[in-house]
Structures are given as structure tokens and as C-alpha cells.
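Asks: Sequence:
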Amino acid sequence: MNSFIQEVIANKQRIAIPIMTHPGIELNGNTVRQAVTNGEVHFEAIRTLNQRYPLAAATVIMDLTVEAEAFGATIAFHENEVPAVTGRLLNNEAEIETLQVPGLEQGRVGEYLKANRLAAEHITNKPVLGGCIGPYSLAGRLYDMSEIMMLIYITPEAANLLLRKCTDFLLAYCSALKETGIAGVVIAEPAAGLLSNEDCQQYSSIYIKEIVDALQDEHFSIILHNCGNTGHCTPAMVYTGAAGYHFGNKIDMKVAMQDVPADALGMGNIDPVGIFKQGTPEQMKAEVLQLLKDMEPYPNFVLSSGCDTPPEVPEGNIDAFFNALNQYNEGR
0 MNSFIQEVIA NKQRIAIPIM THPGIELNGN TVRQAVTNGE VHFEAIRTLN
50 QRYPLAAATV IMDLTVEAEA FGATIAFHEN EVPAVTGRLL NNEAEIETLQ
100 VPGLEQGRVG EYLKANRLAA EHITNKPVLG GCIGPYSLAG RLYDMSEIMM
150 LIYITPEAAN LLLRKCTDFL LAYCSALKET GIAGVVIAEP AAGLLSNEDC
200 QQYSSIYIKE IVDALQDEHF SIILHNCGNT GHCTPAMVYT GAAGYHFGNK
250 IDMKVAMQDV PADALGMGNI DPVGIFKQGT PEQMKAEVLQ LLKDMEPYPN
300 FVLSSGCDTP PEVPEGNIDA FFNALNQYNE GR
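By numbering that gives the first Met the number 0, the letter at position 132 of the sequence shown is numbered 131, and the numbering carries on one by one without gaps.
Hints are supplied without guarantee of correctness; some may be wrong.
[As the list claims (entries may be wrong)] Okay, derived cross-link-like pairs now, BS3-like style, lysine-lysine, Cα gap no bigger than 30 Å in a straight line: (1) 113 with 208; (2) 249 with 125; (3) 208 with 125; (4) 177 with 113; (5) 292 with 249; (6) 253 with 276; (7) 276 with 292; (8) 11 with 249; (9) 125 with 292; (10) 177 with 284; (11) 208 with 177; (12) 276 with 249; (13) 11 with 125; (14) 113 with 284; (15) 284 with 253; (16) 253 with 208; (17) 284 with 125; (18) 113 with 125; (19) 249 with 208; (20) 177 with 125; (21) 11 with 253; (22) 113 with 292; (23) 11 with 284; (24) 284 with 249; (25) 253 with 292; (26) 276 with 125.
What the hints contain is simulated information worked out from the structure, not anything from laboratory work.
Input sequences plus hints: build the corresponding full structure.
Replies: Laid out in C-alpha cells, this is it:
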């Protein structure tokens, strides 16, 4: 991965790594529910997209319910929508105290490890990037997003205990993901974007840095995704020492890239809903070409979606995304 990142920065040609799996599910005639519960169906979606589009790296589904389910949270499944956590698993500080850190055999963790392992075994010409939720976002799904924000101010000791347990599980999960042979993991921490830069560092980045320090090396990279960041907490993201930073469509990439270290990747940020799903091919082309023009001062920029692309993205918009990239590169 170190060599891959160095080559990206040195190459005048731009590459694209959209966080995109759902179109592959649909191309294979499967449902979202099948893919998020069956590692082989999930992998086949990844492989289909890899064969169809010029992706610089393959990515898995950004499913932010897998880890919460392993802890015991209730998950609502729909045939063609992403899963969602329903209700609260934890209702008070006493329940945080007694919460057990689950093993990797719980819930659908094994199916996601299978999907990553199959992708690493069969896609050998480019990096495969796994995914997991970040510690603060996981804590919010277990304790309720509004309540966790109150907890960090009222009883920070209890909040840090919950974050400690979440991080212990995520470290074990990311270690297992690394063992599958994938090249890196995208840690999705959108809820941390609701915090100030100082709080983002204290209640998210410090814990993510533990994972980075333990697992990141020349062969395996951590990419930190925070689509809740509007520019106010990029320094806290960079504090983690991750090899890449992935931004959502709400941020101005010209501002974000000023904070990204020159030897780390900055990735983003075409709107996954407004442009990928609801836009036209003409809008997609215009957005991509403008973003690439804006990013010319930054050789470490990688074109991507602002988040995981949702189900039912029109193929014409995906084609327009890559056609615009090709058009731009032809003029380089």
C-alpha cells in the first residue's frame, strides 16, 4: 500500500476509488439483504464491479450496522435498502458497565470476513479495501446518537468506557480483516463530524489512532472517512496518522486538502445521492470535471464518491463518472 500511495501521488493521471458496491448487487440480480447477510453474494458484487469499471481499488459495502449487531443491537433488514439499527441497546451508565465486548463469531461478522477474504483471493491486480464503523459512531448506535453527545459532557468517564469497549472490538475486527489479505480498511466515522475539532480528537481520533498505530504498515493502510465533517474537524482526523482521508460531499475539497499531509491520500467527494443517484449524466460530468480542475494543486487527491453510493444508482451516471475522469486524463 505504501508503494501504491506513492505511485498515485507521482502519477499525473488521476484515479478513481468510489465507495461503491450496491450497483454490483443489482447487476448480479441480488437484493441488498442477500448481500449483507451472505459473504459470497457480497463478494460477487465486488467482483462484478471490478470487472465492469476501471476502479483503482475494490471496496466492500459500507454497512454501519455489522458491529452494532455483534454487540447485540437490533437490526432492521429490508430487501433493497441498507440495514438500520433500531432502538437502543444501552439505556444507562450501569448497562455500559456490564456491556461485554463480543467475539468475532457474533452476528454477521463472519460473513463480512468471508467477503473480504474472497475479494483478496480473487482480485489480485489492485488493492482491496475493507470497511468498518468508527468507535464514536458505533457508540452512538449502541447508546443513541443524541444521548452519547450528552454523555460525553455530563459523564465523560462513562462515555470513555463505552468508547474503550467499542475500540477493543474494532481493533480485533480490523486485525481479522487484515488477516484476510486485504490491503486496507476504510473506517467510517460520520457521527464524529457532529463534534467540535477538540471533541472529535478526544472522543474519536485518539481511539482511531490506536488502531492505526497497531495495524498500519507498508502493506496495510487505514483510510478515515468522515462525511459529517464540514471542515471544522479535519485537523482531528489528520491527528490519527491514517494513510488516507475520505471526505463527504458537504465539505469544500479545496479547503479540506489544505489540511491533508502531502504524503497521505485525500479522497472525495461527489454527492452519492444528489449526483450519483438523482443527477443526470451531464451533471455528473460537470461535477467530476470541476472537482478534478479544483484539485490540480494536490497530486495526492483521489476521485471518489462522498460516501457509499446507495442502491439504485443509474448505470448511466456511473459511466459518466468514469468517462469524465478519462476525458480529464486525456488532457493531462
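Asks: Look at each hint and say if it fits the structure.
Replies: Comparing the hints with the structure gives:
no.	hint	verdict
1	113 with 208	holds (26 Å)
2	249 with 125	holds (29 Å)
3	208 with 125	holds (26 Å)
4	177 with 113	holds (12 Å)
5	292 with 249	holds (18 Å)
6	253 with 276	holds (24 Å)
7	276 with 292	holds (23 Å)
8	11 with 249	holds (27 Å)
9	125 with 292	holds (26 Å)
10	177 with 284	violated (36 Å)
11	208 with 177	holds (16 Å)
12	276 with 249	holds (16 Å)
13	11 with 125	holds (19 Å)
14	113 with 284	violated (36 Å)
15	284 with 253	holds (19 Å)
16	253 with 208	holds (25 Å)
17	284 with 125	holds (25 Å)
18	113 with 125	holds (19 Å)
19	249 with 208	holds (24 Å)
20	177 with 125	holds (16 Å)
21	11 with 253	holds (18 Å)
22	113 with 292	violated (39 Å)
23	11 with 284	holds (20 Å)
24	284 with 249	holds (19 Å)
25	253 with 292	holds (10 Å)
26	276 with 125	holds (26 Å)
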